[in-house]
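Trainee: Spelled out from the first residue to the last, the chains are:
Number of protein chains: 2
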Amino acid sequence: MSTSRTDPLTLEVVDLIGTVVARYHEEYEEAAARYRLTGAQARVLGLLAMEPTAMRRIARQLKCEPSNVTGIIDRLEARGLVERRPDPADRRVKIAAATEEGHRTARGLRDALHFAREPLAELSPQERRTLRDLLRRMLGDVRVVPGDVQADA
Amino acid sequence: MSTSRTDPLTLEVVDLIGTVVARYHEEYEEAAARYRLTGAQARVLGLLAMEPTAMRRIARQLKCEPSNVTGIIDRLEARGLVERRPDPADRRVKIAAATEEGHRTARGLRDALHFAREPLAELSPQERRTLRDLLRRMLGDVRVVPGDVQADA
DNA sequence: TATTGTTATACTCTATAACTATA
DNA sequence: TATAGTTATAGAGTATAACAATA
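If you read the sequences in order, they're chains S and H.
As numbered in the UniProt record's numbering, residues 1 to 153 make up the first sequence, in order.
As numbered in the UniProt record's numbering, residues 1 to 153 make up the second sequence, in order.
To be clear, the hints were calculated from the coordinates, so they are not data collected in a lab.
Please note that the accuracy of each hint is not assured.
One copy or any two copies: either way a pair holds, since identical chains are not told apart in the list.
Stated by the list, open to error - Distance condition first, Cα-Cα at most 16 Å in a straight line; then the derived EDC-like pairs of lysine to aspartate or glutamate:
hint	residue 1	residue 2
1	K63	E26
2	K63	E30
3	K63	E127
4	K63	D15
5	K94	E30
6	K94	E122
Given these sequences and hints, build the entire structure.
Mentor: And the structure:
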């Protein structure tokens, strides 16, 4: 399989994707830094701005150990961006939720992500559709949309 | 500028790119872990497998402070994957280079990166060309190819 | 017993500042 | 004096193991 590994065209596309990945991260870290957040903190805040989430579930979404989430939430909570709430249904679980200020920060963070807009603005709607379709096929198309549905675990 | 920010098509493309970025990183970390390397170590080893490089330059390419490179190279050197050589031209600089085993590891690492091949294999040559052109335009086309030419500093 | 979140510990990456040896 | 690499230090993310509270 994959006779294409050394094919120049494939290599160039791979290289371009690498560039996209690199630029995406630069911009993400930059935007986070503007709010004095680390990448991990910004990522978690973004999650919580979508939906209050139990610690365990945050760990799954971050693909890290639950013990790490404690510290990240601690730091966000110390800055008033997040709060821990008890789960009425199960007294073992704690649900982390963005505060009002947390939501404001998450909004600002999202707006600061130039990458999401500027480069794509170069492309016409038709071209964006083409890009979308190619990316979909590249990713196998089996994209579970938002909620993540704990397809992990 | 950017009236497209809330346009569903653009949002979907942005989301797809986010998925590409996430998958790319997962695979990278996974491949590195298979060789008991951290992401940073794998990245540096990859660099050095291309070309022996002075400490300062490694820092620029990693976009981190030079002091951090010392530790990363220390750990790679302790495992026999990298060695430090003096620069005949300037006795202040040290040049890090991959050892034979370092080159072998870098090769294995590269081969382990399925992402580079599998997903692209789904696309026909014509589609890959289209994807290449779209990505090029998206990235502004001003891509300085490999060598990095210390376009930073 | 099993699970949730936490604590304790250790390692790596990161930035900052001060140091050394060259230049 | 300026630069290359290092050391020292501190903060953050990470994994592992052990623990309390709850299920």
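Trainee: Against this structure, judge whether each hint is valid.
Mentor: Tested hints:
no. : hint       : in the structure
1   : K63 - E26  : between (21 Å within a copy, 9 Å between copies)
2   : K63 - E30  : between (22 Å within a copy, 12 Å between copies)
3   : K63 - E127 : neither (33 Å within a copy, 33 Å between copies)
4   : K63 - D15  : neither (26 Å within a copy, 19 Å between copies)
5   : K94 - E30  : neither (30 Å within a copy, 30 Å between copies)
6   : K94 - E122 : neither (44 Å within a copy, 43 Å between copies)
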